[in-house]
Amino acid sequence: EDKVVQSPLSLVVHEGDTVTLNCSYEVTNFRSLLWYKQEKKAPTFLFMLTSSGIEKKSGRLSSILDKKELFSILNITATQTGDSAIYLCAVEVLTNFGNEKLTFGTGTRLTIIP
Amino acid sequence: DVKVTQSSRYLVKRTGEKVFLECVQDMDHENMFWYRQDPGLGLRLIYFSYDVKMKEKGDIPEGYSVSREKKERFSLILESASTNQTSMYLCASSLPYRRDPLRYNSPLHFGNGTRLTVT
Chain A
1254 EDKVVQSPLS LVVHEGDTVT LNCSYEVTNF RSLLWYKQEK KAPTFLFMLT
1304 SSGIEKKSGR LSSILDKKEL FSILNITATQ TGDSAIYLCA VEVLTNFGNE
1354 KLTFGTGTRL TIIP
Chain B
372 DVKVTQSSRY LVKRTGEKVF LECVQDMDHE NMFWYRQDPG LGLRLIYFSY
422 DVKMKEKGDI PEGYSVSREK KERFSLILES ASTNQTSMYL CASSLPYRRD
472 PLRYNSPLHF GNGTRLTVT
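These protein sequence lines map, in sequence, to chains A and B. Mapping to the working numbering: the first sequence position 34 is 1287, numbers consecutive. Mapping to the working numbering: the second sequence position 4 is 375, numbers consecutive.
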């Protein structure tokens, strides 16, 4: 069974701090790893990672994948209150029928205190 | 922009009722998915479909069925609702990898969710 594990489950930090969110996985037929941010409604896409060691960056957010050790991290520097959200990690895998599906982790609830 | 529309934002049903959750996407996506989201458990895949009339079980299909009669519409059916099916239900759609191998856009586009309460 495919498994995606995120840690910590929740995190409370002060505005301006840097945070690192973790995602490890055990899946068959790996295609890619994705990060999403979820506030009140639908998750919004942040990054897709397919290759080890290549950092993806968007403003204060960055992410990297290690396919040998089967994990990814999401870094947020100089956090702001608007970063408060649930951060979801998902792994895209190929099914036995040759189609794709995403398996999600439990998410990390990040709270930024002003 | 891809639009995935779920028919209801909030729904309250009684135990034993048959419940239909509808999802429509407007981008000609082959793949459609139903997830449920519960605190501390993340998003769990119930069923998915990769073409009209095709379906695959996800990780927690028990108590649910699905229908995909048209490409744009994917329905989730609770045959006899129970209180443990109270949850947030999220529908999503995507292009298959063969049509979007570089995945410049998000591989998964979500609806806004239906919060179902079964009493």
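Treat the hints as calculated values from the structure; they're not laboratory data. Don't take each hint at face value.
Distance condition first, Cα-Cα at most 30 angstroms in a straight line; then the derived DSSO-like pairs of lysine-lysine [as the list claims (entries may be wrong)]:
hint	chain 1	residue 1	chain 2	residue 2
1	A	Lys1321	A	Lys1256
2	A	Lys1321	B	Lys424
3	B	Lys442	A	Lys1321
4	A	Lys1293	A	Lys1321
5	A	Lys1293	B	Lys442
6	B	Lys442	A	Lys1294
7	A	Lys1294	B	Lys424
8	B	Lys424	A	Lys1320
9	A	Lys1309	A	Lys1294
10	A	Lys1310	A	Lys1320
11	B	Lys441	B	Lys428
12	A	Lys1256	B	Lys424
13	A	Lys1294	B	Lys428
14	B	Lys424	B	Lys442
15	A	Lys1309	A	Lys1321
Do the hints match the structure? See the list:
Restraint check for lysine 1321(A) and lysine 1256(A): the C-alpha separation of about 16 angstroms stays at or below 30 angstroms, so the hint holds. With a C-alpha separation of about 38 angstroms, the suggested pairing of lysine 1321(A) with lysine 424(B) is violated against the 30 angstroms cut-off. For the hint linking lysine 442(B) to lysine 1321(A), the alpha-carbon distance of about 38 angstroms lies beyond 30 angstroms, and the restraint is violated. Our distance criterion of 30 angstroms between C-alpha atoms is broken by lysine 1293(A) and lysine 1321(A), whose separation comes to about 34 angstroms.
Under the criterion of a C-alpha separation no larger than 30 angstroms, the hint pairing lysine 1293(A) with lysine 442(B) is consistent with the structure, at around 28 angstroms. Of the pairs offered as hints, the one joining lysine 442(B) and lysine 1294(A) holds, with about 24 angstroms between alpha carbons and a cut-off of 30 angstroms not exceeded. Straight-line distance between C-alpha atoms of lysine 1294(A) and lysine 424(B) comes to about 29 angstroms, which keeps the hinted pair within the 30 angstroms bound. Between lysine 424(B) and lysine 1320(A) the alpha-carbon distance is near 35 angstroms, which puts this suggested pair outside the 30 angstroms criterion.
Of the pairs offered as hints, the one joining lysine 1309(A) and lysine 1294(A) holds, with about 25 angstroms between alpha carbons and a cut-off of 30 angstroms not exceeded. Restraint check for lysine 1310(A) and lysine 1320(A): the C-alpha separation of about 18 angstroms stays at or below 30 angstroms, so the hint holds. In summary, the hint linking lysine 441(B) to lysine 428(B) is supported, as the alpha carbons are separated by about 19 angstroms, within the 30 angstroms threshold. Between the alpha carbons of lysine 1256(A) and lysine 424(B) the distance comes to roughly 28 angstroms, so the proposed pair stays at or under 30 angstroms and holds.
Taking the CA atoms of lysine 1294(A) and lysine 428(B), the gap is about 25 angstroms. The hint holds against a cut of 30 angstroms. A distance of roughly 9 angstroms separates the Cα atoms of lysine 424(B) and lysine 442(B); the hinted pair therefore holds under the 30 angstroms criterion. Between lysine 1309(A) and lysine 1321(A) the alpha-carbon distance is near 18 angstroms, which keeps this suggested pair within the 30 angstroms criterion.
Hint compliance for this structure: hints 2, 3, 4 and 8 are broken, all remaining hints hold.
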